[in-house]
Amino acid sequence: MSEISTPADRRQRIVDAADELFYTRGIGQVGMDAVRDAAGISLRALYTEFPSKDDLIVAVLGKRHTMWTNGVTAKVDAIAEPRQKLLAVYDYLADWFGDADFRGCGFINAFGELGAANAQVAETVRAHKADFQRYVDSLVKDAGGPASLGPQLAILAEGAQTTAAIAGTTDAARHARAAAESLVAAAGI
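Count along the sequence shown starting at 1, add 3, and that's the number in the working numbering.
Just to be clear, a hint being listed does not mean it is correct.
[Said to hold, decoys possible] Pairwise CB distance ranges (calculated): (1) 149 / 57: 35 to 41 Å; (2) 46 / 15: 14 to 20 Å; (3) 19 / 151: 35 to 41 Å; (4) 73 / 178: 24 to 30 Å; (5) 170 / 15: 30 to 36 Å.
[Stated by the list, open to error] Listed below are the simulated DMTMM-like cross-link pairs for lysine to aspartate or glutamate, each with C-alpha atoms no more than 20 Å apart in a straight line: (6) 56 / 84; (7) 56 / 116; (8) 66 / 145; (9) 78 / 140; (10) 78 / 174; (11) 78 / 145; (12) 66 / 134; (13) 88 / 23; (14) 78 / 98; (15) 56 / 23; (16) 88 / 104; (17) 66 / 104; (18) 66 / 19; (19) 78 / 52; (20) 66 / 84; (21) 66 / 23; (22) 56 / 40; (23) 88 / 140; (24) 88 / 134; (25) 88 / 98; (26) 78 / 102; (27) 56 / 126; (28) 66 / 126; (29) 66 / 161; (30) 66 / 52; (31) 144 / 80; (32) 88 / 184; (33) 78 / 184; (34) 56 / 12; (35) 88 / 161; (36) 132 / 94.
Source of the hints: derived by calculation from the structure; they are not laboratory data.
Note that the Cβ used here is the ideal one computed from N, Cα and C, for glycine as well.
Please take these sequences and the hints and turn them into a complete structure.
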């Protein structure tokens, strides 16, 4: 086992290894031994950082939340016009869906696997989805749209993620963007 220079480095290495394994194989299919091996640390070090698998799952979801938020925000912030900012969310989705390792939304996947049986995971997923909803609502407000438009645009993005994962294509992003354009136009933005 290779030693890692700082506890923060060790923690990040564990989260990164778990994220890759959970996302590609599924949370239930990955044991702590597999995470230990992928991170290149001892089982003792793993449990020092994460006393339970649930703690590790929540940390992985925290990483995914940051990745999602940074990705969407960067795509939206690159656009100046408020109406186009609303649509840039779907452009981000198209880019993401085209990634070779795309396996759907890690939050939806985690909720599907564990949400009914794990209140901590369910709450983490709900908090992430609520954060995205607030973000879309703020974009709608900045564009001068009605409050009802935010949830409609967010549900299009959520549905596109699930559809893209199942279909294995980026088409869902294009269809969701077209639907979003119609909703934005109907709202008079």
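Hints, verified against the model:
Take residue 149 and residue 57: their Cβ atoms lie about 40 Å apart, and the range 35 to 41 Å holds. Between residue 46 and residue 15 the Cβ separation comes to about 18 Å, which falls inside the hinted range of 14 to 20 Å. Take residue 19 and residue 151: their Cβ atoms lie about 40 Å apart, and the range 35 to 41 Å holds. At roughly 25 Å, the beta carbons of residue 73 and residue 178 sit within the given window of 24 to 30 Å.
Hint check: residue 170 to residue 15, Cβ distance near 33 Å, so the stated range 30 to 36 Å holds. Between residue 56 and residue 84 the alpha-carbon distance is near 44 Å, which puts this suggested pair outside the 20 Å criterion. Distance check on the hinted pair: residue 56 and residue 116 sit about 14 Å apart at the alpha-carbon level, within 20 Å; holds. Distance hint between residue 66 and residue 145 is unfulfilled; the C-alpha atoms sit about 28 Å from each other, more than 20 Å.
Proximity of residue 78 to residue 140 is assessed by CA-CA distance (about 17 Å); at most 20 Å being required, the pair is judged to hold. Proximity of residue 78 to residue 174 is assessed by CA-CA distance (about 19 Å); at most 20 Å being required, the pair is judged to hold. In summary, the hint linking residue 78 to residue 145 is supported, as the alpha carbons are separated by about 16 Å, within the 20 Å threshold. Annotation: proposed proximity of residue 66 to residue 134 holds, straight-line Cα distance about 14 Å (limit 20 Å).
Pair hint residue 88 plus residue 23 does not hold up; C-alpha atoms about 30 Å apart against a cutoff of 20 Å. Note on residue 78 and residue 98: the hinted pairing holds, with a Cα-Cα distance of about 10 Å set against a maximum of 20 Å. A threshold of 20 Å between alpha carbons decides the hint, and for residue 56 with residue 23 the separation of about 15 Å falls inside it, so the pair holds. With a C-alpha separation of about 26 Å, the suggested pairing of residue 88 with residue 104 is violated against the 20 Å cut-off.
At most 20 Å may separate the alpha-carbon atoms for a hinted pair to count; residue 66 and residue 104 meet this at roughly 16 Å. Distance restraint check for residue 66 and residue 19: the Cα-Cα separation of roughly 8 Å lies within the 20 Å cut-off, and the hinted pair is therefore satisfied. For the suggested pair residue 78 and residue 52, the alpha carbons sit about 33 Å apart, so the restraint of at most 20 Å is broken. This hinted pair does not check out: residue 66 and residue 84 have alpha carbons roughly 30 Å apart, beyond 20 Å.
Simply put, residue 66 and residue 23 have alpha-carbon atoms about 11 Å apart, close enough for the 20 Å limit, and the pair holds. For the hint pairing residue 56 with residue 40, the CA-to-CA distance comes to about 15 Å; that is within 20 Å, so the pair holds. Distance check on the hinted pair: residue 88 and residue 140 sit about 12 Å apart at the alpha-carbon level, within 20 Å; holds. A threshold of 20 Å between alpha carbons decides the hint, and for residue 88 with residue 134 the separation of about 17 Å falls inside it, so the pair holds.
Between the alpha carbons of residue 88 and residue 98 the distance comes to roughly 15 Å, so the proposed pair stays at or under 20 Å and holds. Pair hint residue 78 plus residue 102 holds up; C-alpha atoms about 16 Å apart against a cutoff of 20 Å. The straight-line distance between the Cα atoms of residue 56 and residue 126 is roughly 16 Å, inside the 20 Å bound, and the hint therefore holds. The hinted pair formed by residue 66 and residue 126 meets the criterion: a straight-line CA distance of about 15 Å does not exceed 20 Å.
This hinted pair checks out: residue 66 and residue 161 have alpha carbons roughly 19 Å apart, not beyond 20 Å. Proximity of residue 66 to residue 52 is assessed by CA-CA distance (about 15 Å); at most 20 Å being required, the pair is judged to hold. Using a Cα cut-off of 20 Å, the hinted pair residue 144 and residue 80 holds, with the two alpha carbons roughly 15 Å apart. For the suggested pair residue 88 and residue 184, the alpha carbons sit about 11 Å apart, so the restraint of at most 20 Å is met.
The suggested pairing of residue 78 with residue 184 holds, with an alpha-carbon distance near 17 Å, which does not exceed 20 Å. Taken as a hint, the residue 56 and residue 12 pair is honoured in the structure, with Cα atoms around 19 Å apart against an allowance of 20 Å. Only pairs whose Cα atoms come within 20 Å are accepted, and residue 88 paired with residue 161 is accepted, the gap being roughly 17 Å. The suggested pairing of residue 132 with residue 94 holds, with an alpha-carbon distance near 19 Å, which does not exceed 20 Å.
In terms of the numbered hints stated before, the structure departs from hints 6, 8, 13, 16, 19, 20, listed from lowest to highest.
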